[in-house]
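Enquirer: Residues per chain are reported as follows:
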Amino acid sequence: MIQESLSFHVNEEGYYGDFGGAFIPEMLYPNVEELRQNYLKIMSDPAFQAEFHALLKDYVGRPTPLFKAERLSAKYGTNIYLKREDLCHTGAHKVNNTIGQILVAKRLGKHKIVAETGAGQHGVATATVCALMGMECIVYMGAIDIERQAPNVARMRMLGAEVVAAKSGSQTLKDATNEAMRHWINHPVDTHYIIGSVVGPHPYPDMVAKFQSVISEEIKVQLMEKEGRDYPDYVIACVGGGSNAAGAFYHYLDEPRTALIAAEAAGQGVSTGHSAATTFLGKPGVLHGSKSLLMQTEDGQVIEPYSISAGLDYPGIGPMHAHLATSGRAKFYDITDEEALEGAVECSRLEGIIPALESAHAFAVLGKLGAGADEVVVINLSGRGDKDLATYQKRLKLND
Amino acid sequence: MTKMNRITEVFQSAQGPILNVYTTAGYPGFGDTMEVLEALQEGGVDIIEIGMPYSDPVADGETIQQSNQSALDQGMTVAKLFDQLADMRSKIQVPVLLMGYINPVLQFGVERFCQKCNEVGVDGLILPDLPMAEYEREYKAIFERYGLFNIFLITPQTSDERIRQIDSVSEGFIYMVSSASTTGAKTGISSDQEAYFERIEGMDLKNPRLVGFGISDRASFLKASKGASGAIIGSAFVKLVGQAKDIRSEVVAFVKGIKGLA
Numbered sequence: 082m083i084q085e086s087l088s089f090h091v092n093e094e095g096y097y098g099d100f101g102g103a104f105i106p107e108m109l110y111p112n113v114e115e116l117r118q119n120y121l122k123i124m125s126d127p128a129f130q131a132e133f134h135a136l137l138k139d140y141v142g143r144p145t146p147l148f149k150a151e152r153l154s155a156k157y158g159t160n161i162y163l164k165r166e167d168l169c170h171t172g173a174h175k176v177n178n179t180i181g182q183i184l185v186a187k188r189l190g191k192h193k194i195v196a197e198t199g200a201g202q203h204g205v206a207t208a209t210v211c212a213l214m215g216m217e218c219i220v221y222m223g224a225i226d227i228e229r230q231a232p233n234v235a236r237m238r239m240l241g242a243e244v245v246a247a248k249s250g251s252q253t254l255k256d257a258t259n260e261a262m263r264h265w266i267n268h269p270v271d272t273h274y275i276i277g278s279v280v281g282p283h284p285y286p287d288m289v290a291k292f293q294s295v296i297s298e299e300i301k302v303q304l305m306e307k308e309g310r311d312y313p314d315y316v317i318a319c320v321g322g323g324s325n326a327a328g329a330f331y332h333y334l335d336e337p338r339t340a341l342i343a344a345e346a347a348g349q350g351v352s353t354g355h356s357a358a359t360t361f362l363g364k365p366g367v368l369h370g371s372k373s374l375l376m377q378t379e380d381g382q383v384i385e386p387y388s389i390s391a392g393l394d395y396p397g398i399g400p401m402h403a404h405l406a407t408s409g410r411a412k413f414y415d416i417t418d419e420e421a422l423e424g425a426v427e428c429s430r431l432e433g434i435i436p437a438l439e440s441a442h443a444f445a446v447l448g449k450l451g452a453g454a455d456e457v458v459v460i461n462l463s464g465r466g467d468k469d470l471a472t473y474q475k476r477l478k479l480n481d
Numbered sequence: 052m053t054k055m056n057r058i059t060e061v062f063q064s065a066q067g068p069i070l071n072v073y074t075t076a077g078y079p080g081f082g083d084t085m086e087v088l089e090a091l092q093e094g095g096v097d098i099i100e101i102g103m104p105y106s107d108p109v110a111d112g113e114t115i116q117q118s119n120q121s122a123l124d125q126g127m128t129v130a131k132l133f134d135q136l137a138d139m140r141s142k143i144q145v146p147v148l149l150m151g152y153i154n155p156v157l158q159f160g161v162e163r164f165c166q167k168c169n170e171v172g173v174d175g176l177i178l179p180d181l182p183m184a185e186y187e188r189e190y191k192a193i194f195e196r197y198g199l200f201n202i203f204l205i206t207p208q209t210s211d212e213r214i215r216q217i218d219s220v221s222e223g224f225i226y227m228v229s230s231a232s233t234t235g236a237k238t239g240i241s242s243d244q245e246a247y248f249e250r251i252e253g254m255d256l257k258n259p260r261l262v263g264f265g266i267s268d269r270a271s272f273l274k275a276s277k278g279a280s281g282a283i284i285g286s287a288f289v290k291l292v293g294q295a296k297d298i299r300s301e302v303v304a305f306v307k308g309i310k311g312l313a
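Protein sequences appear in the order of chains A and B. 89 is the number that this note's numbering gives to position 8 of the first sequence; each next residue is one higher, with no gaps. 182 is the number that this note's numbering gives to position 131 of the second sequence; each next residue is one higher, with no gaps.
The set of hints was computed from the structure by calculation and includes no laboratory data. Heads up, a few of these hints could be off.
[What the hints assert, rightly or not] Restraint ranges, calculated between C-beta atoms of paired labels, are given here:
hint: 1; chain 1: A; residue 1: Asp455; chain 2: B; residue 2: Glu113; range: 51 to 61 Å
hint: 2; chain 1: A; residue 1: Asn480; chain 2: B; residue 2: Arg163; range: 53 to 63 Å
hint: 3; chain 1: B; residue 1: Ala246; chain 2: A; residue 2: Lys248; range: 49 to 59 Å
hint: 4; chain 1: B; residue 1: Thr238; chain 2: A; residue 2: Lys248; range: 17 to 27 Å
hint: 5; chain 1: A; residue 1: Asp271; chain 2: B; residue 2: Gly82; range: 54 to 64 Å
hint: 6; chain 1: A; residue 1: Gln130; chain 2: B; residue 2: Lys257; range: 43 to 53 Å
hint: 7; chain 1: A; residue 1: Thr378; chain 2: B; residue 2: Gly80; range: 20 to 30 Å
hint: 8; chain 1: B; residue 1: Thr238; chain 2: A; residue 2: Asp271; range: 18 to 28 Å
hint: 9; chain 1: B; residue 1: Lys142; chain 2: A; residue 2: Pro232; range: 27 to 37 Å
hint: 10; chain 1: A; residue 1: Lys412; chain 2: B; residue 2: Glu113; range: 53 to 63 Å
hint: 11; chain 1: A; residue 1: Arg476; chain 2: B; residue 2: Ala246; range: 39 to 49 Å
hint: 12; chain 1: A; residue 1: Gly350; chain 2: B; residue 2: Asp124; range: 50 to 60 Å
hint: 13; chain 1: A; residue 1: Asp126; chain 2: B; residue 2: Ala192; range: 40 to 50 Å
Ideal Cβ placement from N, Cα and C applies to all residues, glycine included.
Kindly generate the complete structure, drawing on both the sequences and the hints.
Expert: Rendered as structure tokens:
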């Protein structure tokens, strides 16, 4: 049992089953190695824990509520709870990780931060903690994303960050990540790279998962109060790179009574050629420093994904999730743009909460799940929908 | 492995500093690969490094990225490169390295890839994102079976301890990255870098070193070569060949200029 339970966490060499590792050029080795040797030591230091949790409480606003969604529960004939990560400062779970990593960066003696961002949520969360700590902040963002996410670009600049357009390749999240890595190669001594998801070379996937694990740590306490047991029958989360899912799953990875449910962005459908559903379309490969499932050509070139949601628009997936998918521990659903939009409308009209487009993919799973009347379902509501209003207006014809 | 690897031979017989030039496969035109190789050899290059284009080359700066993308847009693949190189050894006598990222190699199949390299006469590989530990655990035996040298990189930040580890698993030479940077990001060689070259020189490693990154002309080539057996030119060459009106004559003139044969 213990052996089995350990298998879903990272091993000593940075692998989750066949996935993970640190496939990085030598130029990044000293930085990544420094982080690998120190992250567990730093994170287990009581002074670090005290500072981290004080900021989560007073700055981020944790614990976030676990809300019983009565009308959704009635519609689906089960017991649905929403973990309200949308109520975190900056509007999504991303800040749990950026708070943690900037405290690690400080302890490593770094005073500049570089980050990548797709939709801009991680960029805003990074710019926020850099302002809080008085650190210089450079955020790489695909030139196309800069155009389509103008409000978040303005927020980052308002917070004092420098936003640099990634003009290589497809000019989206994948390329912003390449540029952030190149920036780190060119500035190895004074800079820390805050990766926004459970991707990248070991120890990033494990470190980010551990910072996000506060989500399931709180769910356990809150469910015990509300249901008299600390585990749900299902936890549902959307997965792009997979950081909110990693946080929501973390303390249930070894809990056999809890089914782990992941909603991936199918875009226009997995077989249309316009999709980001990596576990359905990917093969094992290496991108951004780790071995995982990857959407790629037969020649090993990375395929540009598509999703209505910029935060799920990524051709890879964190190595933990690749292992959860291939081992069957988690069940993955492919959710189309249309289904996600319906999920967003349903959550808005039944519960009075407008979810982010990413989180809306998780709601779209409810109709496929078949959860029973005695069962408990937790949906990780990873972010709020303000940033997606333009898309909602257009696709749902709200102004016609 | 009865015959000596061509790389070893070059380091043993070289009279002056060794010049290694990087060129992207299928660039500037899809069918130009062999033409560029022949011109490099005619100009007097000592080692040729052929870049296998990749969609996400994180260790490379803008110039090489763009050449990679251009080659991919023209349909370049690993399989097509091997087709282009099938008859290479009837014309090219200098050592040839393939440089690239690990993912296309994994998709091609590591064993099949090494077998093809051996078949067409490739002497070694540079795969910057293949970590040393992974190489030793999974790939070293395969590379050796096909007589391929795996070339590792070191940088100014690489610790002495790690440099010694790299030296012990390396064959052929060590690729000494001149500064903390991506390719083509910085030009020239500073006194700090010269001090770094001297420090490594003083370590008395078993492998010779070639300096890469930031070498663009004869002056920087000679300066870098003082602290090593020679140097590698990449971005500056890719820029030249990308703009060349007549590949043959311009490449020959470029190489002769660097080697001081003009």
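Enquirer: Take a look at whether the Cβ-Cβ distance between Ala246(B) and Lys248(A) falls inside 49 to 59 Å.
Expert: Roughly 35 Å apart at Cβ, these two residues miss the hinted range, so it is violated.
Enquirer: Between Lys412(A) and Glu113(B), does the C-beta distance stay in 53 to 63 Å?
Expert: Given a distance of about 43 Å, which is not inside 53 to 63 Å, the answer is violated.
Enquirer: If I claimed the Cβ atoms of Arg476(A) and Ala246(B) lie 39 to 49 Å apart, would that claim hold in this structure?
Expert: violated, 60 Å
Enquirer: Can you let me know if the beta-carbon spacing of Asp271(A) and Gly82(B) is within 54 to 64 Å?
Expert: About 46 Å separates the Cβ atoms of Asp271(A) and Gly82(B), which means 54 to 64 Å is violated.
Enquirer: If I claimed the Cβ atoms of Thr238(B) and Asp271(A) lie 18 to 28 Å apart, would that claim hold in this structure?
Expert: With a Cβ separation near 22 Å, Thr238(B) and Asp271(A) satisfy 18 to 28 Å, so the hint holds.
Enquirer: Lying within 43 to 53 Å: is that true of the beta-carbon distance Gln130(A) to Lys257(B)?
Expert: holds, 47 Å
Enquirer: Can you let me know if the beta-carbon spacing of Asp455(A) and Glu113(B) is within 51 to 61 Å?
Expert: For Asp455(A) and Glu113(B) the Cβ distance comes to about 60 Å; the hint holds.
Enquirer: Is it true that Thr238(B) and Lys248(A) lie within 17 to 27 Å of each other by Cβ?
Expert: holds, 21 Å
Enquirer: Starting from the hint 40 to 50 Å, judge whether the C-beta atoms of Asp126(A) and Ala192(B) obey it.
Expert: Between Asp126(A) and Ala192(B), where Cβ atoms are some 42 Å apart, the hint holds.
Enquirer: Okay, Lys142(B) versus Pro232(A) on CB: inside 27 to 37 Å?
Expert: The hint (27 to 37 Å, Cβ to Cβ) is violated, given that Lys142(B) and Pro232(A) are roughly 58 Å apart.
Enquirer: Is it true that Thr378(A) and Gly80(B) lie within 20 to 30 Å of each other by Cβ?
Expert: holds, 21 Å
Enquirer: Could you see if the CB distance from Asn480(A) to Arg163(B) stays within 53 to 63 Å?
Expert: With a Cβ separation near 57 Å, Asn480(A) and Arg163(B) satisfy 53 to 63 Å, so the hint holds.
Figure legend: structure checked against the earlier numbered hints; hints not met, in rising order: 3, 5, 9, 10, 11, 12.
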